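Novice: Residue-level listing of the chains:
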Amino acid sequence: MKSLRYIIILFLAITGMYSCTERIDIPLDDSDVRLVVDGAITTDTSVQTVILSSTSSYYYNQLTPRVSGAQVSITDGSQTFALSEVEAGKYCTDAGVFGVPGRTYTLNIKLGSPIGGTTDYSAVSTLYPVVPLDSIALLFHPDWSEKGIWEVKCYVQEPPSVDFYRFLVLRNNVILTDSIDEWFVTDDKFFNGNYTNGATVAYLQQGTPQEGLNTGDTVTVEVNSIGKGYANFLWEAQAELRGSNPLFSGPPANVKGNITNGAVGYFAAYSTTRAYTLTPVFK
Amino acid sequence: MKKYLILILVSIVLLCQSNSLAGENITTQGKFTLSGYVRDALNGEMLVGVTVYCPEIKTGAVTNVYGFYSLSLAPGKYALRYSYIGFNPVEKEINLDKNITLDINLQPVESVLGEVVIIGKRTDENVRAPEMSMVKLDIKTISKVPALLGEIDVVKVLQLLPGVQSTSEGSTGFSVRGGNSDQNLILLDEATIHNASHLIGFFSVFNNDAVKDVTLYKGDIPAAYGGRLSSLLDVRMKDGNAKKLGFTGSIGTVSSKLTIEGPIIKDRTTFLVSGRRTYADLFLPFAKDEDVRDNKLYFYDLNLKLSHVVNENDRLYLSGYSGRDTFKNQFASMGFGNSTGSFRWNHLFSKKLFFNLSLIYSNYNYELGTPEGDANSFKWTSRMRDYSARFDFTSYLSGKHTLRYGGTSMYHEFFPGTAYGLGSESAFNEFILPKQHALEHSLYASDEFKASQKLTLKYGLRLALFQNIGPGTYYSFDSNYEPVDSTVYGKGDIFNTYLSLEPRLAFTYLLSEVSSVKGSYSHTAQFLTLAQNSTAGTPLDIWFPATPNVKPQLCDQGSLGYFRNFEQNMFEVSLEGYYKYFRQVIDFRDHAQLLLNPYLEGELRIGTGYSYGIESMVRKNSGRLTGWVSYTYSRSFREIPEINDGNRYNAPYDKPHALNVVVNYDFSKRISASATWVYATGLPVTFPTGRAVIGNAIIPIYSNRNAYRMPDYHRLDVSVTLKGKEKPGKRWHGEWNLSVYNVYNRHNAWAINFTQDPQNPNVTYAEKTYLFAVVPAITYNFKF
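Chains as they are written, first to last, in the working numbering: chain Z, 1 to 283; chain V, 1 to 784.
Treat the hints with care, since some could be wrong.
Stated by the list, open to error - Okay, derived cross-link-like pairs now, BS3-like style, lysine-lysine, Cα gap no bigger than 27 angstroms in a straight line: (1) V:K136 <-> V:K400; (2) V:K296 <-> Z:K147; (3) V:K669 <-> V:K140; (4) V:K435 <-> Z:K189.
Honestly, the hints are just simulated from the structure, not real lab data.
Quick caveat: nothing in here was measured; it's all calculated off a predicted structure.
Only chain V is shown next, with the shape it has when bound in the complex (with noise of 0.2 angstroms):
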């Protein structure tokens, strides 16, 4: 079957490819090829997404993550146009009488900004992409977003977007279309980040000062990534300026950030380094507590990448990221991060033939324990880590077929958990989890085809397998889930295989010049867990794989949505409406222990969910006023035999109604003001719907799991943007960000408990804890 399965994908790529490969200067069907790469004229960078599009004969291309593009035509003159958010579109005149290479370089729209109401044309993008539930935002576009603290923050601004819940007041964690948390794939220049969030949630691993571009995938996640159900956030980091040397930076409340980047051989040679550190705790020495003064609490981001460009053929890159929490108290410490890093070779096998390979690790630990000299002394630590590599080919077979191939091999580490005490006081021995390893192989094709002038079709088939693999010691389970038998399993010994085949189709119907309507379905697979049983989570959880007792998640999608845009392309409106159902997916019975639990396994409790809703969107992208309002009402639900006794249950991020009104308004050249508004129905929760007394305690008698909610969450953010004088020839660009979170001081409920009246313990009443009250702060940010 397996091998079946991938002669199948291999002769597909084959037959596509065939012609293709046969020469450069050979051409298919007597076309030409017209390539390149796409930059940002003031840095260099290269840019993503870039619409190249011939009108007159509606055809066209889009650069892929390399900036690079392909489009081959018959031979003749044609005018041609490059669009970009952002930047002023450039038009360009050749006669295809050859293969071309041609790059461009855009400029960035600012530059014109005040003089202008109406920046440039917006390109149509909104209804001609062939992909949908997708949302890209680039750097510019996150900036202006107030934040809190005024720690920008990529991962909020996602959660302004139709589909995106974050999972908790202030978090970084988000559920997209109903799904858990983990069940997004996050990768920063392709490696997985397994926890991307700093503090505890109230920022994400992402200094935007070091990324270049942000994509999330809703559904329709391409053929080419898999392993998750919900989502895939594809985060690029800038590759450095190409031109000259830059300073970036800012100092801000909580943090200040520095990035330099620069040419190192110009235009062939760049390097970016950019880190950031918060100072939280640079101030808890003023705190009235005096348990709180002796804290120590931080953490830090160091990016760092390379770009070479060898020859016309041949690109490298080297990325690297590394960031760690420090907690520490006079009782405990404890810290945790990130370290991850990618090597990439793109190579031009021809004009139309893009390749890629792709070396990535990928490190999540934590570490944490008591002071030594004590009976109590320990030291708790955990890791997993990733090994992979892979490749990708993009054929630009012609104008009407965009092949894309590849393939994925990567090996996982996981060691759960060791804790031990600590010196020669301690009573505590050692105790370890089992380690796990696993490996997770996949195989993908896909194709990009236009059909015709208005209908383009995409289609792909991933083949994923995943094996656990020896050393690892394994529990089997009775009925009642108490662990009867472990089988130890010697290093490389193979013994439980996955194989899951995954379709993607989609379609892009042009109905007019302006509108389009678009449809797709996918089934993805997820072979890792996190093992997280509430809301917010916490960087201790631990991810675990599939394995013979813990069949990989399964998920099926289907969306269907309506494009326009209206005046010119100014404004974008978008209507979608999704189905998901999940089969064997994974909840914690009541009162799991999840953490130091060598039989995890034995926690879980297994059953179906479906997910539905309507997203809809008005975008406006250009002129003064800027910005989006968008509205979701969307079900998610669970059945699970042996939790809520088999009934369906509201799944934990289940939110019917949420609202979001992002605006930005350009005053004028040096001043603009942005305001967010965000509405959504409260979490699901379980209350108490009586009382035990036992002892002196009152024990709460429960509602069914999710019967209730919480009250619903609003908030008000707005900031205000000041630009120094620009003046010709002046370096150093500085400007002041003055941002208020939570406006008009709403107190949303971070956590409702039930409480015993201390002055007359029969009295119960509910209290609510929230986090913030109006966050006021101050950034000042500068370039030079």
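In isolation and in its complexed conformation, chain Z is listed as follows (with noise of 0.2 angstroms):
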């Protein structure tokens, strides 16, 4: 629930009135490596990804180890998709490869070498079905924060079943939410079976280079419906990446993925829908 972060971001400011950080020196000790999945099949017709890497210290600082040399596939009961290594730890399928609504697909991972003790892995997800948006608008707020804030709404029939959505948005066909952190992700409990008639799923900062629109510009927003499982990993995830305060932050927890035999991440299976604007002349 979006409201929900004002209020956080409410409390917050209030503290943030007094309060001050700065860095501090906290050892920590190292626990045991475990493999990282990091997939997902998608109704895109395009090549399919999964990679794999392990766990590190938590001060590393560099990237984490990829993961070579693993026999990799994904397969819906019927058919099978081999999944080739074509960089360090980065194993895809042939291109043409995508996922149909209502299958439930097993990736199949076989280590080369273990790890944690065990080279075999698995994981299941189920696709389903997303509803085309409508249609999608921009409305420019320039008095909120100093250049202005674009708000992303969207216009969309939500089915009355119980579904959970991401929405990314695009610059000019380049992908501005990049990182799970910034991705919006939502059931529909507050608006299930509505018309949502231009729910925001985006504010783009016109301050910044990052995300600062020009007229002209094509803003796309690609909205996946997204299995509980997946929803929930994306929630947890944001939540431990987002830092924790004493007011609102329960303890510390494992994000909690979807692989077998204690590897960490998630195998997704989501369908994926579009839908674009252009950013009209303003100020």
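Got two chains here, each in a separate frame; can you build the complex from them with the hints?
Specialist: Written out as structure tokens, the structure reads:
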């Protein structure tokens, strides 16, 4: 619920009137090395990718080691797609492979050498259909923050089923929200079955080069219908990435994925739909 | 079973009672009764906990919360001594040849300060009182302690006592002996305060100008009270000046206060009205950040009290409290607050049988929302309400037995949350969490028995009955805590009952005139829990009742202590050890969703816990230098099968070491200075011990729950009070208070987060957030 974030911001603004931050030296122990899986199958007709890596100490301060030499495949029960390693730890299907809504996909991984005492890992995900977006709109708030903020609004008839969505925003076909903590992930608890008459799915800071828009820029919203498991995974990851405070945060906890044998990460299956609009003349 | 237990309780009471009800002038075993009220001579306020002591026969009594005492003695001549902290003792000789009513006025000690270095003699209550694990603070002690932003706060002073810890920097939330902050029963003139904090916990709801007396029971909770595991905080409001109209007020850095009190009918009817409002938002227009300027941010408190003496035997009290916080900015607004009311009737059936009847109302609610006219516009409200009645008898049977018994009945209403869209533009459905209702009843009886001159026993029994009552919707859950079914109950359907039998036992054994050993055992049950997973919490946290899915939390506590006074009671020393064992203790699953979640009960995980500790304190109550030093060693653990892989972990408020130093020095009649220094081990926390890269994000891999600690906490505060010159006949009394919080600018960690370096996203580092650097404040207090 986006609005809850306002409330949190409001509270933190109050503490912010008094608070300051500074770096602090905290020595940390290392936990056991585990396999990390980051993969998905989508309805886009393209290459489906799975990235394998391993965990490292928290202050490793480099990219974590990729895991090479594994046999990776995705199956829907009748068809199996083999993934080949195109660069260290990055495993891809051939071009033209895509997921079909309603099917359940299984990812199978067999490592060349064991991590955490095992070489075999798997994960299962069901692909849910998505309702096409009617349209999207941009609303400029010149008085919000110094240079103004764009509100990205979305119009769609939400179906009566229990659904979970992820929203991504692209500017001139380049993704602006390229990290988990920037994604807008929501369930339909508060608007199930309604026509979302311009519900906000993103805010863009006009003042920043990363998010600012020029007249005529194409803004695209991509919606993914994701399963409950993946939504929970993303929410939990976002909660950990956004930091904690003694007001709202419970004890930090590991993000629960869907990979067997203690591996970290998620193998997701989701469908995709897009709508775009052009940036109007403003100011 | 239930009926049988009630029968036992009733028969205990009746057995002990039968001879005392016999009549006023017929004496038991040839004894006469001395009874009356003890007041403050200056303003007529009833004094609570005044010791009435007869040294010849080493027997005595203590005034109750309404200032009443009663003592039955064999006929004869006695020298009696009335003593109370901060007041000059009064000695009376009486000839007890009939029942005597003797009301006493005590003079506050302050009027002689300056000329005399040692101010009167301190009572030996520390050693002799049959209570242990209990602290009483009078408002004078409280107001001398340096305060954050100059806002003197009852709860913050309690946090300086052994066994009491603040839950977070600057917070008025407190943990008693390792328990959670929701395990404290907080009463204001008997009405439950469900959220005792203002702002985001920086101030408590208690306006010290309206407060007479504060008592905290850390164990050994009297049988008259229950429903919480860890403590009872009993706050009593002033009755109002019975002698003359008076004004008290202050103008401070963040708030101003004004109290008006006085007699309506002299010595019979008094009133008190006290208000406080903060004005932090008045300075916001000067803020550098434009977004902050339009914010609204304030809270207020309003306390009201009416007291009326009907006749010698009847007194009536009406108390009310209302307080509210308001935050508002251009995106969202929020308001929350408590309102309570209590009506009480004191009646003396005889000089030996004191009766009180209370009717109590308590409400806590909040609402928040965003402005209308947008697809995201919404409003969200939540409310909790209690209606209760209680009656209490105190029967002063003889010099040896004081019997207390009574009962309570309470109706709880929980409206955990309703959220709905605002205006025609809004896309939100109405979202209503099911309402819940419950009944909580109790019967209790306890006896304070002076078995010999050295041994006092207190034993009691509390029978508590908790019932879920319709209308309501209840969900049942499968073994994975997923909701599987719901049941709707109609109005008045009682569909679940919990019964709890709670023994309370305590003894005090005088080793000598100046030392004693005390011990106590209590069993308590808690039927309501606060859905709070963070250490400090927010006003949005809601209370939820025990239900068929959620069993009541239980606690057994045993304490043993040694008490000794030195130098004619100038120094009090206490050493107490305790052990607590919790059953059916509630914690929350990882990543629990506690707000607007109809399946909240599915987020709970149940297990056991235990705490133990040793508390030591040296206190000096008289002389130019007063104050205390306390050191506590304590631990608190939990073991819950589905949390931390079933391994034992540190409870959220486990702080092994805590040291508090509180000193006040009176330089002269007009100038005094105070300082406090606190030290405590950092709270347990969970830190990352590994990283996984997913997408572009570094996802932390965590240690076991609460395996690490925040850095140690320590802080020094000082204050100086300058009083205006006293002249005979001068009505206006003013004083300046200058305080500095966190004198040596310790950056105590409020939160520690691990973040990615914006320059190099592969680099992560720890960053602490601290709230208060050095905070000076100035307050002007006045009285006329």
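Novice: Next, verify each hint and record whether it holds.
Specialist: Each hint, compared with the structure:
1. V:K136 <-> V:K400: holds, 24 angstroms
2. V:K296 <-> Z:K147: holds, 23 angstroms
3. V:K669 <-> V:K140: Holds. V:K669 to V:K140 sits at ~15 angstroms (cutoff 27 angstroms).
4. V:K435 <-> Z:K189: holds, 18 angstroms
Of the hints listed earlier, there is not a single one the structure fails to meet.
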